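Engineer: Chains A and B, in that order, are what the protein sequence lines are.
The working numbering numbers the first residue of the first sequence as 469 and each following residue consecutively.
The working numbering numbers the first residue of the second sequence as 552 and each following residue consecutively.
Below are the SDA-like pairs computed for lysine to any residue, each with C-alpha atoms no more than 20 Å apart in a straight line:
#1 K666(A) <-> N939(A)
#2 K797(B) <-> N1120(A)
#3 K706(A) <-> K903(A)
#4 K797(B) <-> G1115(A)
#5 K1107(A) <-> S796(B)
Taking beta-carbon pairs under 10 Å as the criterion, some of the chain B residues facing chain A (in silico):
#6 Q631
#7 A715
#8 L750
Now the stretches of chain B that chain A is said to cover, found in silico as 3 or more residues with beta-carbon under 8 Å:
#9 682-690
#10 723-730
#11 733-744
#12 781-787
These are calculated hints, taken from the structure and not from any lab test.
Note that the structure is a prediction, hence the values are computed from the model and not measured.
Where is the CB? At the ideal position from N, CA and C, for every residue including glycine.
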Amino acid sequence: MKEKLTSLWQKLFGDNVRAFGVVSLIFLASLAIAPAKNFFSEWRHYQHGYRRMIRNRSDANTLQRHFQGGIQQIWLPELGVVDRCTSCHVGLKEASLADVPNQPYRTHPVIPHKLDQFGCTVCHRGQGAATTLSEAHNSTLAWEQPILPAKYIESSCGECHRGPLPGTPQLNQGRNLLSRAGCVHCHTVKLSDGAVMKATDDPPSLSHIADKTTREWIFAWLKDPQAYASTSTMPNFKLSDDDARDMSAFLIANSTPMAGDTATLSAKASSDPAAGASLYGESFCASCHAVQNAAGNMVGGDVGPELTKVGTKVKPEWLQAWLRNPRAYDAGTAMPHYRFNDGQVGTLSGFLQAKADSDFLANVHLEAATPEQIAHGKRLVSDYGCASCHEIAGIKKPENFAPELSRIGSKPVTQLVFLPGMQHTLPDYIATKIKQPRAFGQGLKMPQYTFTPAQIDSLTTALLSLNDRSNTLPPSLAVASTHESDYQPAGKAGKLMADLACFSCHRINGHGGDMAPDLTWEGSSVQREWLVQFFKNPGTLRPSLIRRMPRFNLSDGEVNELTDYIMTVYQNPGIDRDAMPLGGYSQGEVELGKQLFYGKYACQGCHIVDTKTDKGYIGPTLTNVGSRLNAAWIYQWMKNPQALRPGTIEPNRAMSDEDARALTAFLISQKGGAKQEVAKK
Amino acid sequence: MTRSRFTPTHVGTAALGCPAERSSAVATKRGHSGPALVVTLLAVSLATSCSRKTESAPQLKPTAFGAAIVESSGGKQFAQTGSLLPQPVVVQVNDEQGTAVAGALVEFAAVPGVTFDPSNGLTDSSGQLTTNVSLGGMAGRYQFVAFTTDKSHKKVELKIEEIALGYQQTLGRHLNDQYCERCHNPESTVERVSNYDNLEVKPHPFTEGDTLNKISDADLTAIISHGGPALNKSALMPAWGNTLSKSDIQALISYIRAISDPPSRSAGPVYAKD
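Use the sequences and the hints to build the structure in full.
Structural biologist: Laid out in structure tokens, this is it:
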């Protein structure tokens, strides 16, 4: 062996000439390494592949002309973008390559932005400067952010766009859920514009809970909120029986009575289910409250709590007091103060009390609580942060109870703990944490939510959008969102509107719900007499709506107060109510308007003027529009509906003045008379 | 360097988040002790990383065999790229007489990027298996296969198609929900009553590919912008050109093309497992 080596050495380096020759060869070979690496580089391979692919296409010449070889780069200093992705993804800008099945040669799908202005990694993450596939797409020791999976891509839109976008439903839903599911009660989320994300749910105060329900119900509820109401947003804290026993003991012992709630039943609870159902229907309780029907479907809105088993929960005295005036128990409730009389309170409370499930509390037997149990319950209530969401007398709302999430979308992977079997990526961590919060260690407090997989994906999307980039964006790129205004109407009418909770459904001056029409310009829109009648007996304007305006049993004084306020204050400065008369149009104009209505503009597709012939089921019924709307409003509406109510689906027909005037004349002549019921499908 | 490492399909998988990253990074670090170890670890990690999921699935033993597999529900749904379909996909295994078979093994397979939860399972007492499907990251049609084996161990297949919507189609879908669907979709829901039956001239549902595929993009744009009369059609179709922007209308058309049935020529590629 040794001899062989010696002879090899002799052969190669035996004399100076040989040694020089061999060393030169080695030197030359090592010089060739860099060019060889370059020659065999991945991007060159893909560019070869691209040129081979386009050769056989009909548009080969155009594509070949557009093709630029070598490393390509998009450099955007103000965004910190150095993206060489286009070195391999050669066809991104070629619209004709939409039929290529896969990257790197397929054209980029149509988006509202230009690649040259935003680069690639702003949306897709990954390492832009890398020129190999694995370094660009995956995380390496030096680069944490791998390519963002497609299902979370909308999170990147949310870095700049702070408000909802029509093309990003998942991001919008996720942001909504962060507020609606109460995440932001415990987790602070500071938005990049300095605002703090606010919760939009309204967890009830527990300071007077003993008036409302029993300790047994609290126990069963704490153990499993969804067993009581499947739509409940209260999460499951996975409490032991003992802990739930002690917490319920504390909450009851801590509760102070409120005047009125514990009064003896003033109205006799009626046991007439038909009358109850009819009053429940007439009052449009289902506009806000859902009830699970026999088929298992939820029927009703989600503004208020589900009422499927409400009789198991509430005490009869409390329910009657609540129906009489909910604001006495909870001043900020979204529930309107219906002016029910005693008989109605009895009928409705009897009807609701019958919605009970005797099985729910059948196995709950609690002994009287000991002082130790109550003290332990108090400790638990503090430890679990109940006061983050609920007002509880004697317990302060904890601050920074849970980790702040303002930059969760950039959290370094090295700081995360992963469960076995999980992908080691940030999106997977966030999704799993929402799905099984308690799986990540002993003694964790975050409760178990009942999100669907799609909801978890959308929450993850919204959380990923809260990242370093969204917080350090050049201000010129940020697209502001419109925050809810804090508009409050003034004076007596304002108090009345708060009492009736108008803003739970209606929006005025940027404040309020979106279930019912925006009333910002209502005073310019409707006639005073119609509004008075509407308050007394609200009908529905649109035949196909199922959520409707309830009748509040207002007194004449209250109706006048409200009507005066609306007619005076909610005026559009661009509309002079008296600019056009409510009658006296020539027969010719009315006739022309009718022809336009049925002919040129075919309004009967969506509206009904003549119940005998028209069937349009989308827009408001117009049989008595002449008694409802002001002529000037109709005229302006014809000219540009979106200018008066942004987002309305009535198409803007860009009408000439003559057409708009004729249609106004025709519509204002529709005085209706008795309201005609439209046959339901 | 072998060619296979660079095939476009492989890139597709990596871009969709194949979990190779961290394991290969760790392997490289440890590899300083010897080049052989680097090679082995890299090879192992490359080999296992992408197939981890399928390997960990428990081996199920069918207790019965069917003769046919049919779709119960969940075909032809739309979802955004990479997202879960709104409804699960349910398939049923039947025997020769068409009676449901419980305990038959059903497996799902698709192009990389499409995931099934679960990806296989035994049919329940009603002969059905339910799976949640997430579509791949590219907009287009995804064809996947549900298969079972019959008594003679022959594969019985069912092809199911779903549609993944990209950004533009998602925007179009939003606009459709807001402006178009009330008339163009004959189906009523509790929340949204259809106006279809009330119209003298029936509008075309957007899935009606037989008709809509024959109308060019330019003609569709004209009808949407200027109303039905622009193409001698009913005035019940109003003009939306002053309400919707040009890009809105393009988005609507791209949505209509994406969901048409039979598929439109411009609907993009079909992602099917060979």
